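*Asks:* Whole structure, please, built from the sequences with the hints as guidance.
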Amino acid sequence: MQFLRMGGYAAYVWPSVLLTVAVVLLNVHWARRSARAALAVARRRIALQRGADA
Amino acid sequence: MAWTWFHRFGSPPYFYRVAGTLTPWFAWPAGVLCVAGLVAGLALAPPDYQQGDGFRIIYVHAPAAWLSLMVYTVMAVSAAVGLIWRMPVAHALSAACPVIGASFTFVALVTGSLWGRPMWGTFWEWDPRLTSELLLLFLYLGYMWIRSAIEDTARADRASAVLAIVGVVNVPIIHYSVLWWNSLHQAPSVMKLGRPTMPASMLVPLLMMLLGFTLYFAALLLVRARGELLRRERSTRWVAEVIGGAGP
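In the order they appear, the protein sequences are chains C and B. Quick note: the first sequence uses the numbering used here, first residue 1, plus one each step. Quick note: the second sequence uses the numbering used here, first residue 1, plus one each step.
Don't read these hints as lab results, they were simulated from the structure. Please read all numbers here as calculations on a predicted model, not as lab measurements. Fair warning: there could be bad hints in the mix.
[Unchecked claim] What follows is a set of in silico ranges between Cβ atoms, one per label pair, in the way DEER data are often shown: (1) C:48 <-> B:165: 35 to 43 angstroms; (2) B:169 <-> C:51: 50 to 58 angstroms; (3) B:134 <-> C:30: 18 to 26 angstroms; (4) B:125 <-> C:11: 17 to 25 angstroms; (5) B:122 <-> C:37: 37 to 45 angstroms; (6) B:11 <-> C:11: 46 to 54 angstroms; (7) C:37 <-> B:73: 24 to 32 angstroms.
Ideal Cβ positions, reconstructed from N, Cα and C, are used throughout, including at glycine.
*Replies:* Okay, here's the thing in structure tokens:
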């Protein structure tokens, strides 16, 4: 409990930690989503190209 | 030798392949260092003799502030390289930066405010360090706005590069603002000439967090830059070979 109270600074320390962890995880999610979307678009384009060539 | 390396990395297929290989080598150590540094900073480091446990905000605030400056510098240098040598890889790296940089500038500002309330008695002060950091956030937002407003990629690259290069002057201003002007913000205790002014029990977790965040940024940058390259080069043969073959 003493650890969670942070010597009376819990209202400042824990929101700071939670915000940082959330932004760290969100950036991982955004980066992976962006890379997956780019890959999907490139794959669709190649499939269309191959369909047109065939 | 150096130029061979430089030009090899400027080749999109080579960069795409190497970035994919390097990403886990940055990501896993980053995860381990960040978790260990955060646990050590929050639970093992002793409380500060003046700020008590409130000082522990530094373990998230300082790495976020460090990233906000480093990401901008990488963005501006890549933009300059892209502009001078017309390298698509450099422009892709630059375009991969602003979301990361803006989000960590926001974190640095909010966590700084949360530290300022109990220590200074206010969430915000128009202090040189805080104001120049806020300006950095606007520079990131301006960069993103330019890229989204200009449809033609080559023109967007050039226009956003000019903003990134001009705005880089704000980076040393942010760092040295606490020394050049009277500031509420404390002077640097780690990023300075001479020995750090923190004891090892507080410094080691902070250094772990700083290194962890740096590696984390490197991993994120490579993932984003690969996606950005695919978007830009989707009509090229190498993309067809990489994607259409066995996969990325």
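*Asks:* Output the indices of the hints that this structure fails to meet, ascending.
*Replies:* No numbers; nothing is violated.
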